[in-house]
Amino acid sequence: MSEHVAVSKVNAQTAEHGGALGKLVAFSLTLAIAPISSYFISERYLWAGQSGDYSSEDLYVSNRIPGNSTYAAITAIVAANVVLVAYIIVSVRDDKQEPAPVAPAGELESKKTK
Amino acid sequence: MSSCPPYAPFFGFGGVASAMVLSTVGAAFGTSKAGIGIAGLGTFKPELIMKSLIPVVMSGIIAVYGLVVAVLIVGGIQPGDYSLYAGFVHLGAGLACGCTGMAAGYAIGLVGDSCVRAYVYESKVFVTMVLILIFGEVLGLYGLIVALIMNSRAAEAPRCGTF
Numbered sequence: 001m002s003e004h005v006a007v008s009k010v011n012a013q014t015a016e017h018g019g020a021l022g023k024l025v026a027f028s029l030t031l032a033i034a035p036i037s038s039y040f041i042s043e044r045y046l047w048a049g050q051s052g053d054y055s056s057e058d059l060y061v062s063n064r065i066p067g068n069s070t071y072a073a074i075t076a077i078v079a080a081n082v083v084l085v086a087y088i089i090v091s092v093r094d095d096k097q098e099p100a101p102v103a104p105a106g107e108l109e110s111k112k113t114k
Numbered sequence: 001m002s003s004c005p006p007y008a009p010f011f012g013f014g015g016v017a018s019a020m021v022l023s024t025v026g027a028a029f030g031t032s033k034a035g036i037g038i039a040g041l042g043t044f045k046p047e048l049i050m051k052s053l054i055p056v057v058m059s060g061i062i063a064v065y066g067l068v069v070a071v072l073i074v075g076g077i078q079p080g081d082y083s084l085y086a087g088f089v090h091l092g093a094g095l096a097c098g099c100t101g102m103a104a105g106y107a108i109g110l111v112g113d114s115c116v117r118a119y120v121y122e123s124k125v126f127v128t129m130v131l132i133l134i135f136g137e138v139l140g141l142y143g144l145i146v147a148l149i150m151n152s153r154a155a156e157a158p159r160c161g162t163f
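Protein chains in written order, with full-length UniProt numbering: chain A, 1 to 114; chain B, 1 to 163.
Just to be clear, a hint being listed does not mean it is correct.
[Stated by the list, open to error] Here are the simulated lysine to aspartate or glutamate pairs, EDC-like style, with alpha carbons at most 20 Å apart:
hint	chain 1	residue 1	chain 2	residue 2
1	B	Lys124	A	Asp94
2	B	Lys45	A	Asp94
3	B	Lys124	B	Glu47
4	B	Lys124	A	Asp95
5	A	Lys96	B	Glu122
6	B	Lys45	A	Asp95
7	A	Lys23	A	Asp95
8	A	Lys23	B	Glu47
9	B	Lys45	B	Glu122
10	A	Lys23	A	Asp94
11	A	Lys96	B	Glu47
[Claimed, not checked] Partial chain B-side listing against chain A, Cβ under 7 Å, derived:
hint	residue
12	Met50
13	Lys51
14	Val57
15	Gly60
16	Ile61
17	Val64
18	Val68
19	Leu72
20	Gly75
21	Leu148
22	Ser152
In case anyone wonders, no lab produced these hints; they're calculated from the structure. Bear in mind the structure is a predicted one, so any value in this text is a computation, not a measurement. Here a beta-carbon is modelled for each residue, glycine too, at the ideal position from N, C-alpha and C.
Given these sequences and hints, build the entire structure.
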């Protein structure tokens, strides 16, 4: 009897925490990719220097004047802090929703043990 | 004595390396020390793990600061027209970001470890923990701001061949 309780508790826990693992992986990837990609993308397109005429083969030519790199660094730092704030909000909201899934599983078990 | 000796990029790349390496040392200390506390918390209350991973994420942000400053400085180093002045400026910028990152990571690690252990017993510690962690993180941000300001001064360096 206690084995059924233990197995159902482990199943409930993995059902809750499977979503948590996915969220953590998504946040790790976002924190790795977002700042550095926003640095390069914003340097080229957002804070661009004078680029003159762009034809398709000139995009990688070496005499392109680079964009303002200080503003691009600030953009990257803002992106990293946005990821941090998003993680804090998601973790606090995740904690507030926590009691709802546990209650029905508990009631099923109490009916069985009666 | 010219203003553009050939060993000038040594200091510039020294700045790049110190920004990345020293801030990563701080982030590693912060991650590991907070991780020890989280492992202790996880044995008692696994549902609190998502919230208690915040110190680890903040340590990752410290490493991102070092990465961004390293990429920023590397973009300003060129093989030909690079003066010793610019080399020293880049070295200073890298050291400013790296050493403050190390300090911030150290603070985040110790605070994260103690606060997540206290969070097992008292849930009001959470807001306090986030506040203290933000103050620790801001130390790394100050170093980043100084590094950005210093790096923007490197563009005023004299052209090589003139004094």
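A quick look at each hint next to the structure:
For a cut-off of 20 Å, the pair hint linking lysine 124 of chain B to aspartate 94 of chain A stands: about 17 Å separates their Cα positions. About 15 Å separates the Cα atoms of lysine 45 of chain B and aspartate 94 of chain A, which keeps this hinted pair within 20 Å; it holds. Distance check on the hinted pair: lysine 124 of chain B and glutamate 47 of chain B sit about 16 Å apart at the alpha-carbon level, within 20 Å; holds. Of the supplied pair hints, the one linking lysine 124 of chain B and aspartate 95 of chain A holds, its CA atoms being roughly 14 Å apart against a limit of 20 Å.
As the CA atoms of lysine 96 of chain A and glutamate 122 of chain B are separated by approximately 16 Å, the hinted pair is consistent with the 20 Å bound. A hinted pair counts as satisfied when its Cα atoms are at most 20 Å apart, and lysine 45 of chain B with aspartate 95 of chain A qualifies at roughly 12 Å. Pair hint lysine 23 of chain A plus aspartate 95 of chain A holds up; C-alpha atoms about 13 Å apart against a cutoff of 20 Å. Simply put, lysine 23 of chain A and glutamate 47 of chain B have alpha-carbon atoms about 14 Å apart, close enough for the 20 Å limit, and the pair holds.
Proposed proximity of lysine 45 of chain B and glutamate 122 of chain B is supported: the alpha carbons are some 12 Å apart, at most 20 Å. With a C-alpha separation of about 10 Å, the suggested pairing of lysine 23 of chain A with aspartate 94 of chain A holds against the 20 Å cut-off. At roughly 11 Å between alpha-carbon atoms, lysine 96 of chain A and glutamate 47 of chain B fall within 20 Å of each other, so this suggested pair holds. For methionine 50 of chain B, the suggested interface contact is upheld, since its CB lies about 4 Å from the closest CB of chain A, less than 7 Å.
Taking 7 Å as the C-beta cut-off, the interface hint given for lysine 51 of chain B holds, the closest approach to chain A being about 5 Å. Against a cut-off of 7 Å between C-beta atoms, the interface hint on valine 57 of chain B holds, since the closest Cβ of chain A lies about 5 Å away. A distance limit of 7 Å between C-beta atoms decides the matter here; for glycine 60 of chain B the minimum to chain A is near 6 Å, and the interface restraint holds. Because the smallest distance between the Cβ of isoleucine 61 of chain B and any Cβ of chain A comes to about 5 Å, under 7 Å, the interface hint for this residue holds.
Residue-level restraint check for valine 64 of chain B holds (minimum Cβ-Cβ distance to chain A is 5 Å; threshold 7 Å). With a cut of 7 Å, the hint placing valine 68 of chain B at the interface with chain A holds, because the nearest CB-to-CB distance is about 5 Å. At about 5 Å, the closest approach between the beta carbon of leucine 72 of chain B and any beta carbon in chain A falls short of 7 Å, and the interface hint on this residue holds. For the restraint placing glycine 75 of chain B at the interface with chain A, the shortest Cβ-Cβ distance is roughly 5 Å, inside the 7 Å limit, so the hint holds.
With a cut of 7 Å, the hint placing leucine 148 of chain B at the interface with chain A holds, because the nearest CB-to-CB distance is about 5 Å. Of the supplied interface hints, the one on serine 152 of chain B holds, with its beta-carbon coming within about 5 Å of a beta-carbon of chain A, less than 7 Å.
Hint compliance for this structure: every hint is met.
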